[in-house]
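Here are the chains, one letter per residue:
Number of protein chains: 2
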Amino acid sequence: MSQFENVTVLKKANVYFDGGVTSRTVVFADGSKKTLGVMLPGQYRFTTDTIEIMEITAGELLVLLPGETEWKPYRGGMQFEVPANASFEMDVKTITDYVCSFVSASS
Amino acid sequence: MSQFENVTVLKKANVYFDGGVTSRTVVFADGSKKTLGVMLPGQYRFTTDTIEIMEITAGELLVLLPGETEWKPYRGGMQFEVPANASFEMDVKTITDYVCSFVSASS
Chain E
346 MSQFENVTVL KKANVYFDGG VTSRTVVFAD GSKKTLGVML PGQYRFTTDT IEIMEITAGE
406 LLVLLPGETE WKPYRGGMQF EVPANASFEM DVKTITDYVC SFVSASS
Chain G
346 MSQFENVTVL KKANVYFDGG VTSRTVVFAD GSKKTLGVML PGQYRFTTDT IEIMEITAGE
406 LLVLLPGETE WKPYRGGMQF EVPANASFEM DVKTITDYVC SFVSASS
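Protein sequences, first through last, are from chains E and G. Per the numbering used here, residue 346 is the first one in the first sequence, and the count goes up by one each step. Per the numbering used here, residue 346 is the first one in the second sequence, and the count goes up by one each step.
I should point out that these hints are in silico values taken from the structure, not numbers from a laboratory. Quick caveat, the model's predicted, so the values are computed rather than measured. Careful: at least some of the hints might be erroneous.
A pair holds if it fits inside one copy or across any two, identical chains being indistinguishable in the list.
[As the list claims (entries may be wrong)] Below, simulated DSS-like cross-link-like pairs (lysine-lysine); rule was C-alpha separation at most 27 Å, straight line:
(1) LYS356 <-> LYS417
(2) LYS357 <-> LYS417
(3) LYS378 <-> LYS356
(4) LYS417 <-> LYS438
(5) LYS357 <-> LYS378
This is chain E alone, in the form it adopts within the complex:
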């Protein structure tokens, strides 16, 4: 799937880490939400509210998932899942394009 159809896109960008990570919020007809983002090389720590599924569209990075001690490599075509109310770290090696899906507990 190369595009999302019949969606609402918020005009305002989400900007984190001085622009090192930026994203746009996309809302689907069922009310679910994804962000389409870009990460520049750098190290970033994020905290989740819901379960997050991070699908890497392009790029290369290392990820330290909650409760793990080993950084694991990810690249375009791969994805990882982060539990709700947890924090995870990313060490982005090349410009990374991603889609993040927010999964509410009830779904």
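Given chain E's structure and the hints, the job is docking chain G onto it.
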């Protein structure tokens, strides 16, 4: 208007200048196209194919429009128009969030 509804969003990011400028393409029901972008501080030169209307959502920058010799300041809430088949320069001072509309000659 804080959001665009009933649109298609391309999943892949547009990346220019090593990620200094990134955007997502949004396609409307009538086939018209906009990009929602973020520019980090830096100097950028772009060339247009169609008329482009650049609406600055947030941020501060200087713009040198084609045929002009004076850089003019723009900030969130302002917009400028660039003719088709022309080039323009931007000197972005703070992280800038924008919506770029591509206006085909027939409209």
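- [ ] Check each numbered hint against the structure and report the violated ones by number, ascending.
- [x] Every hint satisfied by this model.
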